[in-house]
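S.K.: The lines below spell out each chain.
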Amino acid sequence: MRAGMMRWLRDNKALAAGLVITVSIVVLALLSLFWVPMSPTKMNIAQKLKGPLENGFSSGLLGKDHFGRDIASMLMVGARYSLTVALASVAIGAMIGTALGVTAAARPGFTGAALGRLNDAIFALPPILSAIMLGALMGPGTTTAILAIGTFMIPVFARVTRGAAMQVRARDYILAARMAGEGEVTITLLHVIPNIASQIIVQVAIQLAMAILTEAGLSFLGLGTPPPAPSWGRMLADSQTYLLKAPHMALAPGLAIALAVLGFNLLGDGLSRLIDPRRRIER
Amino acid sequence: MLRTLARRLAGLVATLALISLALFLIIEVLPGDPAAIMLGTSAQADTLAALRHQMGLDEPAIARYLGWVGGMLHGDFGISYSYGVPVSQLIGERLAVTGPLTLMATLISLLIAIPLGVFAASRPGRIVDQGATLFSQLGIAVPNFWIGLLLLMALSLHLGWFPASGFDGWDHGFWQGLHALFLPALAMAVPQAAILARVTRASVIDVMNEDFVRTARAKGLSRSRALWRHVVPNALVPVATMLGLQISYLLAGAVLVENIFSLPGMGRLAYQALAQRDLVVIKNVVLLFAVIVIVVNLAVDALYLLLDPRLRGRS
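Listed in order, the protein sequences are those of chains A and B.
Those letters in the first sequence? Residues 87 to 369, by this note's numbering.
Those letters in the second sequence? Residues 6 to 320, by this note's numbering.
These are computed hints drawn from the structure, not numbers from a lab.
Model, not experiment: these values are computed from the prediction.
No residue lacks a Cβ here, since even glycine has one placed at the ideal position from N, Cα and C.
Among the hints, erroneous ones may be present.
Quick list of the computed label-pair ranges, beta carbon to beta carbon [unchecked claim]:
| no. | chain 1 | residue 1 | chain 2 | residue 2 | range |
| --- | --- | --- | --- | --- | --- |
| 1 | A | D258 | B | A15 | 50 to 60 Å |
| 2 | A | G249 | B | E98 | 39 to 49 Å |
| 3 | A | V271 | B | A22 | 22 to 32 Å |
| 4 | A | A185 | B | G97 | 33 to 43 Å |
| 5 | A | T197 | B | L30 | 17 to 27 Å |
These stretches of chain A come out as covered by chain B in the derived footprint (C-beta under 8 Å, 3 or more residues) [what the hints assert, rightly or not]:
| no. | segment |
| --- | --- |
| 6 | 319 to 331 |
| 7 | 343 to 350 |
Build the full structure now, drawing on both the sequences and the hints.
M.R.: Okay, here's the thing in structure tokens:
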């Protein structure tokens, strides 16, 4: 039993590491709903810019920011906002993108070509620019960030699912289903989507990593969740003024972002290897 | 080959038409009155009317759309509300920063990625390979604006080797300009290099198993000569594809990095236009970014057709 587990761990190092990192971040984010070491919004000017444990436990495990707020607590609550935006935007991208992708695979003629153009058009608008545009029109905020990132995810999912669906559609069991008199919609829903689901799940993990990265970039520019809610990107933006006096302000949030992105990327890599050991994943 | 290229070109025009129409609908039609958005709630009625007239909002939507697209075709992008100068002039000045910055980042990323990917692939499983894999995983995960901040902290503020912010333009000499752009370009290049190194490694390993490489070795070519003369040139095709696909991410990175280093580039222009709610600037900058992304991808496609005769028959 133990030997089997060790072998599984050796063969699935990426998956194991990815699971440990992502589960820890999700647990910390959920924990912040009930408990944080200190209030993430309460200012304490006496402690401002104090480094990690500089004044013992009163200056916090990761130190204090320019208002004397506790950085560790801000990171925990920030994880919640970061994950929420990432999950919501990937949900938008995965649902609409998959729908477009399987449709394009089912109708390779004019519809497929038109959907291809649509994908190219959306893919040419980086989320930061759509967020700037939407921010000017409806004001920056969580919804703007989700819309901007989610829209960009649509062509990403559409491409992956279209390719995967075309491969599945060439199989004999699709021919059998067609001969049994099933319509295109039934074939897509009952035979194509279940058979490409594993690839969609891999892509969800990888795109969650991309979404976290993009959300951090948006909130760095002030285009994410507005204050006083703490956000990883804005913590980095605030740190720029104090790079010499308080480098810990720049280190902690950056590491948090990198760790979260790394975790979801490893999860995606590991899952894709689990599904098909020969397949190298491309982003 | 010309037919394939012509079809791609038609696709490009269709995509651009789609993007410009979508931008026009989102910015000028859906919100009701863009002039009111730009001026805010405290606007005077006559100011509002003047801006509406300047933006041509008193004309029907179709005429405005055609006017915008037609104007752009001969370099007229309208007049910026917040700067009071033609948008084409603003974009021209800013492109002189973002263009070289992006090129430099691409060059740096290739200089890191290709040697690293090739060495890793030629010694699979060894220490170089493991190091390259680690670099790829970390480089993709680390945000480029964080790298920018760390580089700024270490090399500008502590060591003083590079200017901490700003760009004086190219008038003070080419090298001084490059010097000011080096750190931001490096920050943009690291995530790119991570992705490209991964693609290079995978592609070199694939090509090494091809028959023509065995032939080259069999006729007596040394391992390294076969690698650099026969494997690498053939392995670079997927790298070029990835470079094309990544241009969108690279430009997005420029927006962030330009803001950290206060570089007067396109990204900073868009960001400042957001603060001013200058929709005329935003509309044109966003479209220009999209044009760059699409044209770069078409150029990569055209390059393949030139390099690889086998692709010419396919659509």
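S.K.: The structure should be examined with respect to each hint, and the outcome stated for every one.
M.R.: Status of each hint after checking the structure:
1. A:D258 x B:A15: 50 to 60 Å: At 36 Å between Cβs, range violated.
2. A:G249 x B:E98: 39 to 49 Å: With a Cβ separation near 42 Å, G249 of chain A and E98 of chain B satisfy 39 to 49 Å, so the hint holds.
3. A:V271 x B:A22: 22 to 32 Å: holds, 31 Å
4. A:A185 x B:G97: 33 to 43 Å: holds, 41 Å
5. A:T197 x B:L30: 17 to 27 Å: Taking Cβ atoms as reference, T197 of chain A and L30 of chain B lie about 22 Å apart, which means the hint holds.
6. 319 to 331: holds (count 5)
7. 343 to 350: Answer holds; 5 residues pass the 8 Å Cβ test.
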